[in-house]
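Sequence lines, in order, name chains A and B. Start counting the first sequence at 1; every next residue gets the next number (our numbering). Start counting the second sequence at 1001; every next residue gets the next number (our numbering).
To be clear, the hints were calculated from the coordinates, so they are not data collected in a lab. Bear in mind that the values here come from a model prediction, so they are computed numbers and not experimental data. Glycine included, every Cβ here is placed at the ideal spot set by N, Cα and C. Treat the hints loosely; a few may be bogus.
Label-pair ranges, simulated between beta-carbon atoms [to be verified]:
no., chain 1, residue 1, chain 2, residue 2, range
1, A, D470, B, D1287, 29 to 35 Å
2, A, E444, B, V1239, 26 to 32 Å
3, B, R1129, A, R56, 21 to 27 Å
Each chain, letter by letter, is given below.
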Amino acid sequence: MTPPRKKKMNLKQRYALMTRGLDWETSYQKMDDVFPYDTFEGIKITDWSKWEDPFRLTMDAYWKYQGEKERKLYAVLDSFAQNNGQLGISDARYVNAIKLFLTGVTPLEYQAHRHFSHLGRHIRGVGPRVAAQMQSLDELRHAQTQIHTISHYNKFFDGFSEFPHMHDRVWYLSVPKSFFDDACSAGPFEFFTAISFAFEYVLTNLLFVPFMSGAAYNGDLATVTFGFSAQSDEARHMTLGIEVIKFMLEQHPDNLPIVQKWVDKWFWRGHKVLGLVAMMMDYMLPKRVMSWKEAWEIYFTEAGGALFEDLSRYGLRVPKYADIATEEAEHISHQNWAIFYQYTQAAGFHTWIPGDDELDWLSEKYPNTFDKYYRPRFEMWREMEAKGERFYNNALPQLCQTCQIPMGYTEPGDPTKIGFRSSIYKDERYHFCSQGCKDIFDDEPEKFSQAWLPVHQIFQGNCGGADLSDVLKWYHMDQGIDNMDYTGSPDQKQWDAWQAARKKVAG
Amino acid sequence: MKLTATGVPVFTVERLTSGIKRQIPLEEKAAMSIDIKTMNVEPKRQTFAHVARRLGSDTTASRYEEGVYDLQATTHFHYRPIWGPEYWTFDEGRTAIKMKDWYVFKDPRQFYYGTYTVTRANMHQTTDRNFAFEEKRNMLANIDEEWREMIVKYLIPLRHYEWGANMNACAVSDAGYGAALTSAMIFTTGDRLGIAQILSRIGIALSEGDGELLDQAKQEWMEADAWQGVRKAIEDSLVVKDWFEILLAQFLVMDGMVYPLVYNHFDTEGQKHGAAALSILCEFMVDWSAEHNRWVDAVVKAAVKESDENRALLSDWYGKWRNIMREALQPQAAMVLGDGGEAVLNEVCEQLDARASKLGLTL
Ligand SMILES: [Fe+2]
Ligand SMILES: [Fe+2]
């Protein structure tokens, strides 16, 4: 008999042995050849071992914890489908918010899976590499659980069915797609800054809280459950985001200006992409959670303010143009919804003019801007609709070369004047919606001049043809089914029939 | 959102919870279930259009099919990666293997994230039980002293081999084409980290609770002659550019020799030295490898079947890596099995060759 085991390690030591000790300094191949991508951006890392693992999760714990969450989630999804949970939502207009989510966001979750695999293979430090691998798994989870959650809606509503095809082609979906393409085509440290820090740490609550509490308020039990289930993943991702930033800033003083430039860039990119969420929140939820402006105040101005105060000890300052973005929070949702209303014929979800109570809510939530600039326009469009002259914009809009949103945004300080900037690069003129977007282009003109701009592509004949009907066919959008106003849509007819049947049963 | 003590903002759970409370009051829910039974609620379609096209008609699709098919973007990328402008982010050109359809690489296990994690959690529950069983009876103490030293030489250094395999799986998940392949490969990435950690646990158990033997085993991996061939093969695979070659080299050839050699033949040898406990602790790897080989075989077979060009290329790679590994494992076999090593290694190679020809490779 040998004596019983005597030595006990603490968790940190044990985790270090289980994970950190696994890698080695290669000698048959040069380390720089094994890890070719983690130096060219100019970020200086002097000691990878200084990386603090934000969560010490061994693989078996990961499987156990995540497997448990999956069991619970799929039990809810199964019962949602069995009980026709779609009948419990507030109103069928709500479904358009999840159409936007599945076509715009879900494919990005998959892209995130891929690029975290890129980092999980190519970052030299073993700590961040393992964290990236687990995030790659998580992001695949998000893509798949979103598809499985929304799969049931797809059976009953239009606009979901061609989501990957649409994501690669449709004009407004190039906004989120190019955002993520931008991050994936950047170096690994910029990707970390863009996605893990700027998006997942600074701005994530502005994506998740609106969608998930929007789902809760509107009776969408399936999406709420998915959102809850993803929350603990997100908490890990946020922790990774802040750790990366601190690590870069602590490793070398030369890293600060590079990181600051990325923070400025990705804050602005994120702000523009989130304009779609702003519109969803203020216009597409039949039961509203809070206004975009309120969300921006809580989640960016207050929380972000505290964060950047905390980070100021590293010399990092609040992102450039944060003040302008805050001013735009008074406008962006109204301007975006107006764009989609005008181009409803080419949208993969339904649009509508808010009802009177909804207009009143907007007036109340936006006392500085709504009555003055936006309500009159919506009321005018409503009158035109009543006269049978529903307004469609048949001219293709000019897109911002950077964020790819139609140039409908106004100047800071003057909401009556459309913002407009341009730059010349290699004898070509490029157009921008804002100074923020122009700065980003001017810093990397070679990259941003490559953008696949949907409107240019239509003009060049690369999108199925010159007529709207050709383009819609190429988008796999069914005229009169997937696009146009909610009123008169098959979605509406079906919903009204369900409601009528329900009344009859209730007697 | 709240700031915690560490300054980390967290989701405001109360906000979401309050939202949940507000939705569908109970009475309304009860009323709902009545009308649902009597109402005619017919689906407009059974699945997504891209899935229906693949299934041949709009019919019920599995969660695997909906979760994998056509998930990867294929066109209209915006910017060439600045870290490698020769390809788009997702680009078929990243391998010389050519496929008309990258979704023929269906996973015979039908793993999507949910089924994957639940399967592994169950498997690892058994592993945990095995470790507890061993610890309770202190079974590792029954192993002969000289064989314990042998275990530190042949088994524990494999945690670094597993880490190499983890990197290779992650490389395919990064550079591969199509969600069918990349999802399976990130699962394997997790598997190999998990296996490396099981091996670490065995090392810690053998050290009676500390990392001494892990350090010793790492030194073996870095310096012992018996390991240098394998370490070189792994390091060489880490700089291979073609991801399909990585897939074949690591998961068909290297694993195809290392796993039977170590977890079958070396383990059998250990039985003579009181190492029964070790077989129990390695059960995960044996089960995992049998399962994973089904995926490997399905993928290689589909790629070979596609064209003669693919077959020729894959056969070349197979021959190249097979010979490298045959030679690399020779000192291992000799170290553990002595004079019998050569015959065993031949047997392992013959079996792998037989498997390869069944997959359509020309040897
Ligand atoms: Fe995600
Ligand atoms: Fe812009």
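Hint check results:
1. Between D470 of chain A and D1287 of chain B the beta carbons are some 55 Å apart, a value that contradicts the proposed interval 29 to 35 Å.
2. Checked against the hint of 26 to 32 Å, the C-beta distance between E444 of chain A and V1239 of chain B comes to roughly 29 Å, which is consistent with it.
3. The hinted range of 21 to 27 Å is satisfied by R1129 of chain B and R56 of chain A, whose Cβ atoms lie roughly 23 Å apart.
Hint 1 from the list above is the single one not met by this structure.
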